[in-house]
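With chain A fixed as given, assemble chain B onto it according to the hints.
Residue numbers (the working numbering), protein chains in the order written: chain A, 3 to 315; chain B, 21 to 506.
Source of the hints: derived by calculation from the structure; they are not laboratory data. Note that this is a predicted model, so its numbers are computed, not measured. Some hints here could point you the wrong way.
Claimed, not checked - Some chain B residues near chain A, calculated using beta-carbon distances under 7 Å:
(1) Leu80
(2) Ser98
(3) Arg101
(4) Gly104
(5) Ser113
(6) Cys115
(7) Asn117
(8) Leu118
(9) Glu122
(10) Arg125
(11) Ile126
(12) Met127
To be verified - Cβ-Cβ distance ranges computed for the label pairs, FRET-style:
(13) B:Asp322 - A:Arg281: 49 to 57 Å
(14) A:Pro31 - B:Ile183: 52 to 60 Å
(15) A:Val107 - B:Asp160: 31 to 39 Å
(16) A:Lys310 - B:Lys37: 44 to 52 Å
Note that beta-carbon positions come from the ideal geometry of N, C-alpha and C, so glycine has one too.
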Amino acid sequence: MKLSSGTVRLIIPAASLVLLLAAVFYMQPRAMSYTGLNLLFNLAVPIALATIAQMLIMSVNDLDLSMGTFVSFCACVTATFLQTSPVLGILILLGAIAAYAVIGVVIHIRDLPSIVVTLGMSFVWGGLAVLILPSPGGNAPVWARWVMTAKPPLVPVAIVASILIAAVTHYIVMRSSFGVLMRGVGGNDRSVERAGWSVIGIRAATYALAGFFAILAGIALVGLTTSADANIALRYTLLSIAGVILGGGQFVGGKVSPIGAVIGALTLTLAGSFLSFMRISPDWQIGAQGAILIVVLALRLALNRLEKREKSQ
Amino acid sequence: MTETLKREEVVAARGIKVTFGAVKALDGADLVIHAGECIGLVGHNGAGKSTIVNVINGGLSPHDGSLSYSGSEIHGISAARANGVRCVFQELSLCPNLTVGENARIMHAELKGWNWRSRALSLVETQLRDIFPGHSIDCDLSIDDLSIAERQMVEIAISFAGIDQRPKLVILDEPTSSLDAGLAAQLMAYIRKFVREGGSVLLISHILGEILSTSDRIVVMKDGRVVADRVASEFTTRSLVEAMGNVVREQEFSRAASVRTGEPVLSMPPRRGHGLAFQAWRGEMIGLAGLGGHGQTEALLDLYLDRNSNWWPTRRGEIAFVAGDRSLNGTFPLWSILKNLSIASLGQLSTKRMVDRAREETLGAGWKQRIEIRTPDMGNRILSLSGGNQQKVLFARALATTASTVLMDDPMRGVDIGTKQEVYEILRSEAANGRTFIWYSTEMDEIRLCDRVYVFRDGAIAAELAGEEITEKNVLAASFSEGDAA
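Just chain A, same shape as in the assembly:
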């Protein structure tokens, strides 16, 4: 049977996750338990959601540099308005989704580089977050706390949530008509336009959907940490981009994989724990995390080259 190139691209991320997990279990056998797994992957849930949001933006050949500050902003809204006056909170979050759609339209119509626009927006979101929560605080809504600390039988909630996120987004991005159009815009927007579709509409919807998933990331994060801070998720910008790439996605060409993105987010979270287990001092951890990224990406490049050589023969 001939493997499709999409499946081949998933092999490396899946294999690196399994390898890392095996290494963690070898060093710390007690992690091989319900509580252990939940602790290992707990923080992966918001990262996975943010990674999915970033992946949606990347599927139309753009990049969102405001992801971290936007998730922080959403976390602040969740810990304050959404908790005290839910209606107002929901309205603010809906407004944020609309803002994302507008950003998508502006980027398309004015033909602006998405990096510049989202970098500018990152200061807007960061400023709003500070206005809402000048000092760390707030409270998590009860339901968010309940969801994130639920204890389903057999499998910890972090794993269940990851699988659920992967399944739902796989359906939206890879199976639905909308997903096809979205990836079509990334692959060849002229051909989508020639077929009579509105590329502006598709882009607006894609950005709105990305905003929605980023909001979920903010809520999940507050559900875990019980309170928020304006700088709570700044790392998410780069983590989400790294997660998409690690999971077999590409910067251009509409080649993305939701399952791969979730796996990428899990791998990144696990890489942090793995380095702690190795007793590497926190000073070196960021560098070591980068080294892991480079190794995985190098493997993928090698695989791509192999694939290309096979095709040209």
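Just chain B now, with coordinates in the frame of chain A:
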């Protein structure tokens, strides 16, 4: 004649004019396509074939003239699609990251609702079987995983497929460029069948055999106008080539009898395993002709990379390159004219790795005078110049180097005739001084300036013409193949 008049007009474009800046792409062209006929459209580079196709499919709105689909005057891409106009473009226009079925979903908006995947698959598979019986394309693969020929087959099949209504007019722009002879024959047979059932096809091809055998009517375009529109049986390969050519404007040039001494300065074995080998001697001006996109630019790049590493610049450049697309890979838009000129020769202009300002300015002043760059100050931004003068700066950039060979990738696109004449003069005198020029041009007048011409077809050199043999007729005859050779 009375019979054709009764037939339904699928598309009628009359007196269409389209201008891009100073260039008249279409100058009052008429094209009427009736139901149940296959029209062959031929013409040389810049004749306006692609422009009229873009007008018909709604991508371009004409500046003058009338355009109607089945009698109603509406415009735009969706109007054209609603009237059953489909187009297979020369450059592949599928989404490479999607599967065959997903691409069908994008092209056919009607495929909505539950279970569209299996319906899309059966649609494409049935159509592929109809057109190319015995094909072996797995429609679950993404376009990336298919070969070029398979991609083209899929695109053709998707365009011919219809769910609620069959397409009325399918425009095929060089559909057989990457198909082998067997597949091309299958496609031509299908076109005949489609036409018999009442559909219409507009076929553009450089293989005249295909055009002559498949079309009912042949339209010949030249300089944005339709110059011949007759029943296919009235044409022969010869008369078709003559209709495309420009018999009146035959100019006389005095070519210096080239003296070949010693080894060729550049040579290249036959490309893609067939055709002729390429050779260039010192002081020659060599033209690369043929239809656009038949491998001329690739040949130039190969010649260049042959001498210069892709990774590391060589110390002394023997070859200079004049790019064709000024804005894409020619000028540095933010720099001054002088900086744009001197960038290629900074090595000679520097002492101790520092650019010697005085020498740079002398160089600039010298070239400003020599090629008459019309500017008060070489320190002005390059964009303050007209397009033609920008192009002159790019020429000067290449000529100011010590390179003995200059490669030119259709550099005169969109340059006015006066500037062209000046540049031709400079090229001639530089060639007489022993420089070698290799010049890809889509314009016949420029090709006729060369000492020797290689005509490209399908990525390989199809013919070599020298001296008096370089006529428009000979170049055209070599650019369009007879038919059987795919």
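- For the hint on B:Arg101, just tell me whether its beta-carbon gets within less than 7 Å of chain A. Result: holds, 5 Å to nearest chain A Cβ.
- Task: Could you check if B:Asn117 really has its C-beta closer than 7 Å to a C-beta on chain A?
- Result: 4 Å, holds
- Range agreement (Cβ of B:Lys37 with Cβ of A:Lys310, hint 44 to 52 Å): 46 Å, holds
- Task: Kindly confirm whether 49 to 57 Å is satisfied by the beta carbon distance between B:Asp322 and A:Arg281.
- Result: Given about 55 Å between the Cβ atoms, the range holds.
- Item | Restraint check, 7 Å cut-off on beta carbons, for B:Leu118 near chain A | 6 Å, holds
- With a cut-off of 7 Å, does the beta carbon of B:Met127 approach a beta carbon of chain A closely enough for the hint to hold? Since chain A brings a Cβ to about 5 Å from B:Met127, closer than 7 Å, the hint holds.
- Identify whether the interface hint at B:Ile126 stands, where standing means a beta carbon of chain A within less than 7 Å of its own. Because about 5 Å separates B:Ile126 from the closest Cβ in chain A, which is inside the 7 Å limit, the hint holds.
- Item | Interface hint outcome for B:Cys115 [beta carbon to chain A under 7 Å] | 3 Å, holds
- Message: Would the hint on B:Arg125 be counted as holding, given a Cβ-Cβ threshold of 7 Å to chain A?
- Response: Holds: closest Cβ of chain A sits about 5 Å from B:Arg125, inside 7 Å.
- Hint says 31 to 39 Å; check whether the CB-CB distance for A:Val107 and B:Asp160 agrees. 34 Å, holds
- Is 52 to 60 Å right for how far apart the beta carbons of A:Pro31 and B:Ile183 are? The hinted range 52 to 60 Å holds for A:Pro31 and B:Ile183, with Cβ atoms some 59 Å apart.
- Item | Agreement of hint B:Glu122 with chain A interface, Cβ distance less than 7 Å | Check passed: Cβ of B:Glu122 comes within 5 Å of chain A, closer than 7 Å.
When each numbered hint is compared with the structure, violations occur for hints 1, 4.
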